[in-house]
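These protein sequences, in sequence, are chains R and B.
For any residue, its number in the numbering used here is found by taking its place in the first sequence, counting from 1, and adding 23.
For any residue, its number in the numbering used here is found by taking its place in the second sequence, counting from 1, and adding 23.
These aren't lab readings, by the way, just hints derived from the structure by calculation.
C-beta atoms are modelled at their ideal positions from N, C-alpha and C, and glycine is treated no differently.
Take these hints with a grain of salt, some might be off.
[What the hints assert, rightly or not] Simulated crosslink set (DSS-like; lysine-lysine; CA at most 30 Å straight-line):
#	chain 1	residue 1	chain 2	residue 2
1	B	Lys34	B	Lys343
2	B	Lys343	R	Lys34
3	B	Lys343	R	Lys127
4	B	Lys343	R	Lys229
5	R	Lys237	B	Lys237
6	B	Lys127	B	Lys34
7	R	Lys127	R	Lys229
8	R	Lys34	B	Lys229
[What the hints assert, rightly or not] A few chain R positions that, by computed beta-carbon distances, are all more than 10 Å from chain B:
#	residue
9	Gly112
10	Glu172
11	Gly253
12	His296
13	Pro372
Chain by chain, the residues:
There are 2 protein chains.
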Amino acid sequence: MAFSERVSRLKSSLIREILAAAQRPEVMSFAGGLPAESMLPNVEWADMPVSLGQYGMSEGEPALRQALAAEARALGIACEASQVMVVSGSQQTLDLAAKLYIDKGTEVLLEAPTYLAALQIFQLFGADCITVPLLAEGPDLQAMRQRLERHRPAFAYLIPTFQNPSAVRYSQASRDAVAALLDEFGVTLIEDEPYRELTFDGGSAKPIVSSLRKASWIYTGTVSKTLLPGLRVGYLIASPDLFPHLLRLKQSADLHTNRLGQWQALQWIGTEHYREHLRTLREFYRGRRDAFEQALQQHFADLAVWNSPQGGLFFWLTLKQPLDTRTVLNAALAQDVAFMPGEPFFANPDANHGYLRLNFSHIDPARLDEGIKRLASVVRAAQNLQAA
Amino acid sequence: MAFSERVSRLKSSLIREILAAAQRPEVMSFAGGLPAESMLPNVEWADMPVSLGQYGMSEGEPALRQALAAEARALGIACEASQVMVVSGSQQTLDLAAKLYIDKGTEVLLEAPTYLAALQIFQLFGADCITVPLLAEGPDLQAMRQRLERHRPAFAYLIPTFQNPSAVRYSQASRDAVAALLDEFGVTLIEDEPYRELTFDGGSAKPIVSSLRKASWIYTGTVSKTLLPGLRVGYLIASPDLFPHLLRLKQSADLHTNRLGQWQALQWIGTEHYREHLRTLREFYRGRRDAFEQALQQHFADLAVWNSPQGGLFFWLTLKQPLDTRTVLNAALAQDVAFMPGEPFFANPDANHGYLRLNFSHIDPARLDEGIKRLASVVRAAQNLQAA
Chain R
24 MAFSERVSRL KSSLIREILA AAQRPEVMSF AGGLPAESML PNVEWADMPV SLGQYGMSEG
84 EPALRQALAA EARALGIACE ASQVMVVSGS QQTLDLAAKL YIDKGTEVLL EAPTYLAALQ
144 IFQLFGADCI TVPLLAEGPD LQAMRQRLER HRPAFAYLIP TFQNPSAVRY SQASRDAVAA
204 LLDEFGVTLI EDEPYRELTF DGGSAKPIVS SLRKASWIYT GTVSKTLLPG LRVGYLIASP
264 DLFPHLLRLK QSADLHTNRL GQWQALQWIG TEHYREHLRT LREFYRGRRD AFEQALQQHF
324 ADLAVWNSPQ GGLFFWLTLK QPLDTRTVLN AALAQDVAFM PGEPFFANPD ANHGYLRLNF
384 SHIDPARLDE GIKRLASVVR AAQNLQAA
Chain B
24 MAFSERVSRL KSSLIREILA AAQRPEVMSF AGGLPAESML PNVEWADMPV SLGQYGMSEG
84 EPALRQALAA EARALGIACE ASQVMVVSGS QQTLDLAAKL YIDKGTEVLL EAPTYLAALQ
144 IFQLFGADCI TVPLLAEGPD LQAMRQRLER HRPAFAYLIP TFQNPSAVRY SQASRDAVAA
204 LLDEFGVTLI EDEPYRELTF DGGSAKPIVS SLRKASWIYT GTVSKTLLPG LRVGYLIASP
264 DLFPHLLRLK QSADLHTNRL GQWQALQWIG TEHYREHLRT LREFYRGRRD AFEQALQQHF
324 ADLAVWNSPQ GGLFFWLTLK QPLDTRTVLN AALAQDVAFM PGEPFFANPD ANHGYLRLNF
384 SHIDPARLDE GIKRLASVVR AAQNLQAA
C-alpha cells in the first residue's frame with residue numbers, strides 16, 4: 024500500500040470521535056459548533072428556477088457574487104464581484120489556500136490557539152506552523168514582529184472576530200497594527216470571518232484586509248453560522264493577483280458549488296428579512312451566552328478563568344491548575360458530557376495543556392446546568408488525582 | 024510571491040476559455056458535456072425537512088448511502104453502506120484520490136486518451152502519467168501488462184463505460200482481463216462511471232471493481248448526467264482499507280456535501296420514477312446521437328473516422344489527415360462554432376494530434392447541421408493550408 028507522503032500526516036480522528044459520541048441523544052454536548060436547531064430559519068424553495076439544475080460557473084452565481092461584493096464593500100473592503108468566488112463552505116477556502124501555497128516545509132503564521140480544521144489541513148499539506156500567542160485584544164504584536172523578522176511565512180492565517188476557539192475579537196488598533204506589519208513584510212493575509220455577524224454588544228471593527236496597502240489577501244466568510252450550514256455555501260474574496268489561481272484550483276476540486284444553496288443564500292444576503300433574522304439570532308445567542316456564563320460561574324469559578332465572549336459560539340476556559348484535558352474526555356463521555364479539549368487547537372498540543380472549548384449555542388437550556396456541573400466534577404476529580 | 028511548487032503545474036485555461044466563448048448565445052457549441060436543458064427533470068422541494076439545514080455527516084446522509092449501496096450491489100459490487108461516501112460531484116473523488124496517493128513523481132496508470140479534468144488534477148499533484156492506448160473494446164492489454172511490469176503505479180484510473188472522450192465501452196472480456204492484471208500486480212483501481220446509465224443499445228457490462236479479488240479500489244459515480252448536475256452530488260464506494268483515509272480527506276476538504284442535493288437525489292435513486300426518467304433520457308439522447316451522426320456523415324465523411332457511440336454524450340473523431348486541432352479553435356469560434364480539441368485529453372498532447380471531441384447532447388437540433396458544416400469547412404481549410 025503506497026499512499027502519498029502527506030497521508031502520514033492525517034491526524035487521528037479525536038474530534039470525529041467526540042462528535043460521533045455527542046450524537047447519542049443522552050449526551051449533553053458542548054463539543055461542536057452547531058447553530059441552535061430552533062434558530063434555523065424556514066426557507067422557501069418554491070420559486071427556484073429549474074435551470075439551476077444545470078452545471079454552473081466555477082466562480083459562482085453572478086448575482087450572488089454581486090451581492091457578496093456589495094456586503095464586503097459596506098464593511099470597507101474595496102472589491103468587485105470579479106474578486107468573489109462562491110465555495111463549498113469556507114472550509115474549502117482553506118483547502119484551496121493550502122494547495123496554492125503549501126509545499127512540505129512551507130512556513131505559515133498562525134494564532135495560538137487557532138481553528139483546528141485549519142491547522143489540520145495546513146499540516147496535511149506539510150506546513151511548518153509558526154505561531155503567535157493570542158492576547159485579549161489580538162495577537163502579541165511584539166512576538167508577531169519577531170516571527171516576521173526571523174521567518175518568511177507564505178501567509179498569515181487569522182480569525183480576528185470572535186475567534187474559534189478563544190472568542191477573542193481584535194481591537195481596531197490591533198487590526199491596524201497587524202495590517203501594517205503584513206504590509207511591511209509583504210506577507211499575504213488569509214482572514215477568516217465566520218462569526219462577524221454574531222456580535223452581542225453591537226461592537227464591530229473593520230476587516231484587516233480593508234487596511235492592507237500592499238500585501239495580497241484572501242477574505243473568507245460563510246452563511247453557515249447565520250443561515251443554514253447544510254447549504255454548504257461560503258465565499259472568498261481575493262486580491263486580483265490571487266484570484267485566477269484560486270479559480271482553477273476550485274474548478275479542479277469540485278467544478279462549482281451547488282447552485283441550490285447559492286440560490287437560497289441570494290434570497291437572504293443584503294435583504295431586510297436577513298437583517299431581521301440576524302437581530303433575532305444575536306438576541307437569542309446573547310441569552311444563551313448569559314445562561315451559560317451563569318452555570319460556569321456556579322460550577323467552574325474555582326477551576327478556571329475565562330473572558331465573557333462578545334460574539335461567536337464559544338467559551339474558552341483556562342484551567343487554574345493545568346491538566347491535559349484530553350485525558351478527561353473519556354470520563355466526561357462516561358457521564359454523558361462531551362466537550363472539546365483545548366490542546367488540538369495548538370500547533371504544539373503537548374506544550375499547551377489546560378484549555379477547554381465549550382460551545383454555548385447548541386445545548387438544550389434545560390440540561391445546561393447539569394452538563395456543566397458534571398463536567399466540572401470530572402475536571403475536579405482529575406485534578407485531585409493529579410495532585411495526590 | 025511564493026506559491027507552492029504545484030501551482031507551476033496549473034494548466035492554462037484553454038478549456039475554460041472555450042467554455043466561456045461557448046456561452047455566447049450565437050455560438051453553436053459541441054464543446055461542453057452538458058445535459059440537454061429540456062431533459063432536466065422537474066423536482067419538488069416542498070417536502071424537504073427543515074432539519075437538513077443543519078450540519079451533516081462527512082460520510083453523507085445515511086439513507087442515501089444505503090440506497091447507493093443497494094444500487095451498487097445490484098451491479099455486482101459487493102459493498103455495504105459503510106463503504107459509500109457522498110461527495111460534491113464525482114470530480115471531488117479525483118481530488119481526494121490525488122491527495123491520498125500522489126506525491127511529486129508518483130506514477131499513475133491512465134488510458135490514452137483520458138478524462139481531461141482527471142489528467143489535470145493528477146498532474147497538479149505531480150503525477151508521472153503512464154498511459155495505455157485505448158482500443159475499440161478496451162485498453163491494449165499487452166501494453167498494459169508491459170507498463171505494469173516496468174512501473175509501479177499508485178493506481179490505475181479507468182473509465183470503462185462510454186469513456187470521456189472516446190466513447191469506448193470495454194467488453195466484458197476486457198474488463199475481466201484488466202481486473203486480473205490489477206490483481207496480479209496489486210495495483211489499486213479507480214473506476215469512474217458517470218455515463219453507465221446513458222446506454223443506447225441496452226448493452227451493459229459489470230463494473231471492473233466487482234471482479235477484483237485482491238486489489239484495493241474506488242468506484243465513483245454521480246447523478247450529474249442523469250438527474251441534475253447543479254445538485255453537485257456524486258459518490259464514491261471504496262474498499263474498506265481506503266475508506267477511513269478518504270473520509271478524513273473529505274472532512275478537511277469541505278466538511279460534508281450539501282444536504283439539499285443529497286435529499287433530492289434520495290427522492291430518485293432506486294425509484295420507479297427514476298427508472299422511467301432514465302428510459303426517457305436514453306431514448307432522447309439516442310435520437311440526438313442519430314441526428315448528429317447523420318450530420319457528421321454528410322459533412323465529415325471525407326475528413327474523419329469515428330465509431331458510433333453506444334452511450335454517453337460524445338463523438339470522438341479521428342482526422343484522416345492529422346492536424347493539431349487546437350490550431351483551428353479560433354477559426355471555429357470566429358464562425359460561432361465551439362468544439363473540444365482532442366490533444367488536451369492526452370498526457371502528451373503534442374504526440375497526439377488530430378482528434379476532436381464533439382458533444383451531441385446539448386446542441387439545438389435546428390442548428391446542428393449548420394454547426395457541423397461550419398466546423399468541417401474550418402478543418403478542411405486548415406488541412407488545405409497545411410498541404411499547400
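Now for the hints, and whether the structure bears them out:
Using a Cα cut-off of 30 Å, the hinted pair Lys34(B) and Lys343(B) holds, with the two alpha carbons roughly 29 Å apart. Straight-line distance between C-alpha atoms of Lys343(B) and Lys34(R) comes to about 54 Å, which puts the hinted pair past the 30 Å bound. Between the alpha carbons of Lys343(B) and Lys127(R) the distance comes to roughly 47 Å, so the proposed pair goes past 30 Å and is violated. Pair hint Lys343(B) plus Lys229(R) does not hold up; C-alpha atoms about 63 Å apart against a cutoff of 30 Å.
For the given pair, Lys237(R) sits about 55 Å from Lys237(B) by alpha-carbon distance, which is inconsistent with the 30 Å threshold. For the suggested pair Lys127(B) and Lys34(B), the alpha carbons sit about 16 Å apart, so the restraint of at most 30 Å is met. Taken as a hint, the Lys127(R) and Lys229(R) pair is broken in the structure, with Cα atoms around 34 Å apart against an allowance of 30 Å. Of the supplied pair hints, the one linking Lys34(R) and Lys229(B) is violated, its CA atoms being roughly 37 Å apart against a limit of 30 Å.
The claim that Gly112(R) lies off the interface is violated: its Cβ sits roughly 5 Å from the closest Cβ of chain B, which falls inside the 10 Å cut-off. With a least beta-carbon separation of about 17 Å from chain B, Glu172(R) lies farther than 10 Å from that chain, consistent with its non-interface assignment. Gly253(R), annotated as away from the interface, has a beta carbon of chain B within 10 Å; the closest lies near 4 Å. Even its closest Cβ contact with chain B, about 16 Å, leaves His296(R) beyond 10 Å, as expected for a residue assigned away from the interface.
The beta carbon of Pro372(R) sits about 18 Å from the closest Cβ of chain B, which is more than 10 Å, so the claim that it is off the interface holds.
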